[in-house]
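Q: Now for the letters of each chain:
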Amino acid sequence: MTAKKVTGSQALILSLLEEGVDTIFGYPGGAIMPVYDALYDFDQNVKHILTRHEQGAIHGAQGYARVTGKPGVCFATSGPGATNLMTGIADAMIDSTPLVCITGQVASPLLGTDAFQESDIVGMSITVTKWNYQVTTPEEIPEAIAQAFYIANSGRPGPVLIDLTKDAQFGELDFEYKKCTKIRSYLPETPVDPHQVKAAAELIDAAKKPLLLFGHGIIIGRAEEELKAFVEKTGIPAAWTIMGLSALPTDHPQNVGMLGMHGNYGPNLLTNEADLIIAVGMRFDDRVTGKVSEYAKKAKIIHLEIDPAEVDKIVKTDVRVVGDAKKSLKMLTANVKENQHSEWLGEFNKCMAIEKEKVIDKDLHPTKPGLTMGEVIRLASEKTNHDAILVTDVGQHQMVAQRYFKFKTSRSNVTSGGLGTMGFCLPASMGAQLGAPDRTIIAVIGDGGFQMTIQELGTIAQNKLPVKIIVLNNNFLGMVRQWQQLFFDKRYSFTELQNPDFIMIGKGFGIEGHKVEKREDLDAGVQKMIDHDGPYLLEVVIEKEDNVFPMVPTGASVSDVLLEP
Amino acid sequence: MKKEFIVTVYSENHIGLLARITIMFTRRKINIESLTVSESAIKGIFKFTIVIQETEAQVKKVVGQLEKQIDILKAFYHTNDEMVYQEIALYKVPIEPIYESDDIENMVRNAGARILEITKNYVVIEKTGHKEETQALFEELNKFKVMQFIRSGRVAITRDPIERLSEFLKERDALLDSMD
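Those protein sequence lines, which keep their order, are chains A and B. To convert, count from 1 in the first sequence and add 626; that's the numbering used here. To convert, count from 1 in the second sequence and add 9; that's the numbering used here.
Treat the hints with caution; some may be incorrect.
To be verified - Interface residues of chain A toward chain B, partial, derived using beta-carbon atoms under 8 Å:
id, residue
1, Ile752
2, Lys756
3, Ile777
4, Lys808
5, Ile809
6, Tyr812
7, Leu813
8, Asp933
9, Lys939
What the hints assert, rightly or not - Straight-line distance between alpha carbons at most 30 Å, and here's what the computed DSSO-like set of lysine-lysine pairs gives:
id, chain 1, residue 1, chain 2, residue 2
10, A, Lys953, B, Lys70
11, A, Lys939, B, Lys179
12, B, Lys11, A, Lys926
13, B, Lys52, A, Lys924
14, B, Lys77, A, Lys917
15, B, Lys70, A, Lys808
16, A, Lys1170, A, Lys988
As the list claims (entries may be wrong) - A few chain B residues facing chain A, derived, Cβ under 7 Å:
id, residue
17, Arg29
18, Gln74
19, Lys77
20, Asp80
21, Leu82
22, Ile166
By construction, these hints were calculated from the structure, which means they are not laboratory data. Just so it is clear, CB atoms sit at the ideal spot from N, CA and C, and this is done for glycine as well.
Using the sequences and the hints given, assemble the complete structure.
A: Written out as structure tokens, the structure reads:
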């Protein structure tokens, strides 16, 4: 390719096109205007989604990245534009989501002078970015963008921020693009050590009660087939973290359910009975382990993980297999003997029967008049043939949705797992829809989180994104209220909400919707939402003071999981 | 149990990396007791020498998280007895009381210190050594009322016979080539 003279802004757009970017989420402003001016000429090549707030842009980019596996791209201006991205960047960092964030910056002679809309976004975002870099000359742009894409989506993915000063956007350069394929100081993944694989295989073959825990690493590493092959050959029960949900179909006979604070009874209780834990692409979050000093004490631990810093961080491992899960699982499967663990699997089924009687039946087939979150979510799952993409916010509805929505296809569960960002769902759902235009997107949100980013209804309407939004309304910040009830003597300190008429708000944005208050209207209501051509808002009024169970109280051991208060 | 560790970090020479490194300590509320940065024997690669008080388990985790930073090539941690290390101290002492005392020669000689500058108002003395040694000289000189005292961060070299960084760079290059 011969070099041609372009401006820094044009070079940025050309670089993004070289990286295959088809969608950008963003919000213009003073310090990024040259970029937006350049973008004006490329509207045939790339779609720009104008959100209503920069937080909407970054969560949109996250939703897009999570369903496609490609880096999400977002633009924001300097100062407040950039700082408004911060929550989403932190969210992407902790959930290993590849993002390339481009922020405008004041012209380089003004750096450090407290110029209008100047903020030190590179300094501020250090702890929440995988890498960040400030570009002050146009010549640096192609290489910086190439490195940004390489870093964001290799190894353990994460967010990258490139800060472009206004003079770098205006200046000219000879444009030539070369993709980045290596960086001396960065090793995205370690080759899998066959000796460690052998050591792991020996433990697996000898184990009587092995339990496999899988996380986001399976989805990121596209290792779903390898996971399935491993569990089927070994007969080992497999439990998931919420970030790993959908990597193995819900109805797979060895899928024993969800780990952690509001996970299933069996996986929590039996973690402390297992004699071997095989953790793949997960990082032993405190919501998964409960009290670490009492976690899986009877078990040896094998950890398959791409990020060496995660190994031994929380739980001491006996065998570490560092590397990409797709490769390590394949090698492991080749090294283990065929096996069955029917009796051990039977213990999970027994636990499930207990949980069904104590919790699940009450959630899915309630006899009391008030609607439950569980019945709404299961119905939405059934009516989409368990093949929709589920996007959730944070709180009670999130936990219930993870428990009762069913999945056939991987990469179909988009939630804010590590950071727990309220307001994530609505903008992430539009990103998910843009990334997966042929899939049905079900966005499940609580009445609290809905009001944090409710303005993105405008973006959804403007771009005619057919997202199906279910607002589960209990007029409470439900999860906080649940904790207040259980651990703070029912002192409901600032958790009750006076909500607006959500349906009228939706209509104001041009989005159809209706409200369901009675069980007999639920089925038709959900059906109407799914059948509707275009975005739809279904508000379901649910029982005010329902709780999510099972529950591992904070600081308790996983085997102290409660089925009722 | 907390004890003194020397963390050495080898990195590319990029702006902002110092903040990225120190923040890895501060987020775990670890105080950095001493920090020196300079170009290493290998051109373009910078070496950070950081002294902290911590438990080994914590240090290990911090070092793991440091290595994960894109612009960092490698990080190591060592106990004091695994390294040869020095700090440099400068003392500015008023000239009058020194004239009137017979001790200065012995002090400088015994401490292996040296005099860098003499003016009609003060003397500047330099000493290298471990913190206890530079501190001891400070206590002695302070009978003349030291006007200014400064001690540098630590510089350190491993006792290990293998040059770990050059070995590491060779391995890394081979690994990166094998990825193509």
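Q: Are any of the numbered hints broken by this structure? If so, which, sorted upward?
A: 13, 22
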